[in-house]
Amino acid sequence: MAEAAMTWHGVITEVLRRSEVRLVTYVPDNVLRPLIGEIEADPFFTAFPVAREEEGVGIVCGAWMGGLRGILLMQTSGFATLANVIASLPCAAQIPMVMMVSERGTLGEFNLGQALVCRTMRPVLDALAMEHHTVTRLDETEFTVERTLRQAFATQAPACLILSPLLTGGKTVKA
Amino acid sequence: METLHNAKVMNRFDLTKRLVAKLKDEAVIGGIGNSNFDLWASGHRPQNFYMLGSMGLAAPIALGFALAQPQRRVFALEGDGSLLMQLGCLSTIATRAPRNLCVILWDNGVYQITGSQPTPAATARTDFVAIARASGLPQSHWAADEAEFESLVDASLAGEGPFFIGVRVDSQPAVAQPERDPSRIRDAFMRGVGSKG
Ligand SMILES: Cc1ncc(C[n+]2csc(CCOP(=O)(O)OP(=O)(O)O)c2C)c(N)n1
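Heads up: the protein sequence lines correspond to chains A and B, in order.
Read in the UniProt record's numbering, the first sequence has 39 at position 39, and its numbers run on one by one without any break.
Read in the UniProt record's numbering, the second sequence has 27 at position 27, and its numbers run on one by one without any break.
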């Protein structure tokens with residue numbers, strides 16, 4: 001992996017490219033800003049924001065059914081809006097809809113609402129029996145992201161990558 | 001241009017059959033409930049995707065598909081209650097402006113399948129075509145009658161989209177239902193549109 005790629009967002013951008021994940025939909029999050037910026041700047045990707053996370057699930061599923069691999073980026077609060085559409089579309093129809101969630105609500109959260117909604121994320125993923133991994137270390141990012149993508153596409157199963165503040169630094173304010 | 005309040009109230013099954021009769025290899029994404037039931041009843045085609053859950057996602061699924069297969073046209077068939085739940089997708093469609101996408105709205109003013117309760121949009125006389133235009137989709141029209149519906153479909157098959165066709169329909173339920181097997185439906189669709197098999 002190139003020297004310039006050795007930031008968490010650089011590694012993820014390169015793994016997405018190598019895994020031929022061309023379509024990137026997102027609802028922005030401050031922590032994801034450098035990743036979104038890098039992807040938007042790279043003509044390999046078709047990247048755009050959506051009005052609501054549910055819409056992104058539909059777009060990524062429709063694209064995959066048409067032969068184009070995609071991913072949906074969002075923050076924890078966005079994931080919490082999705083249980084119904086994940087269950088009824090990618091889980092039910094066996095579509096490898098891959099999500100990447102910037103984890104808010106833990107390790108120094110300042111917003112109580114974020115802290116509370118964060119607690120619903122892994123229980124929902126577990127209830128749907130979805131493959132999910134939390135990325136905490138830069139040296140494990142390439143492996144975890146690449147293998148999660150590979151397994152999702154090979155087994156036609158939705159998956160979720162959670163980007164921990166341990167990896168990204170998260171978002172904090174002074175107490 | 002026809003406005004909502006003088007467009008004729010037509011029948012979804014009749015118009016779905018008229019649409020399907022014009023299609024060759026175009027993809028069609030049928031929205032929750034009646035939209036996909038009537039699509040199924042109009043004669044199954046391998047290029048049809050019958051969306052069984054995820055209310056409101058027919059147009060987003062069609063957008064993703066349109067981006068994946070720019071050479072193939074794709075129609076989204078969506079109910080008014082469903083679109084109301086996901087209005088933001090019209091702006092997203094307008095931003096990407098896929099030339100091969102047409103959204104057809106079946107506006108019966110009610111949530112027919114859950115007991116025909118009026119939608120807030122119907123009660124407020126919300127004009128979905130006006131919303132589509134204001135969202136950045138200038139090629140948005142109400143179909144005044146069956147003949148105009150057919151000519152709007154013809155135009156969407158010949159020209160460069162995105163298109164939005166609003167249709168006032170009666171509150172008849174669908175006539176039949178597809179088999180409820182989502183992965184089989186998805187697999188058949190993918191083979192029908194050449195992305196698998
Ligand atoms: C998120 C969500 N909320 C509610 C429902 C229940 N539901 C299923 S179909 C439907 C009505 C659909 O209305 P519309 O799109 O206007 O189609 P119509 O039944 O009138 O043909 C509702 C409320 C659902 N499936 N999903």
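It should be emphasised that the hints constitute simulated quantities derived from the structure, not laboratory data.
It cannot be assumed that every hint is accurate.
[As the list claims (entries may be wrong)] Here are the simulated SDA-like cross-link-like pairs (lysine to any residue), alpha carbons at most 25 angstroms apart as the crow flies:
1) B:196 - A:44
2) A:171 - A:10
3) B:196 - A:155
4) B:196 - A:134
List in ascending order the numbers of the hints, as given earlier, that are violated by the structure. Going through the list in order, the structure violates hint 4 alone and respects the others.
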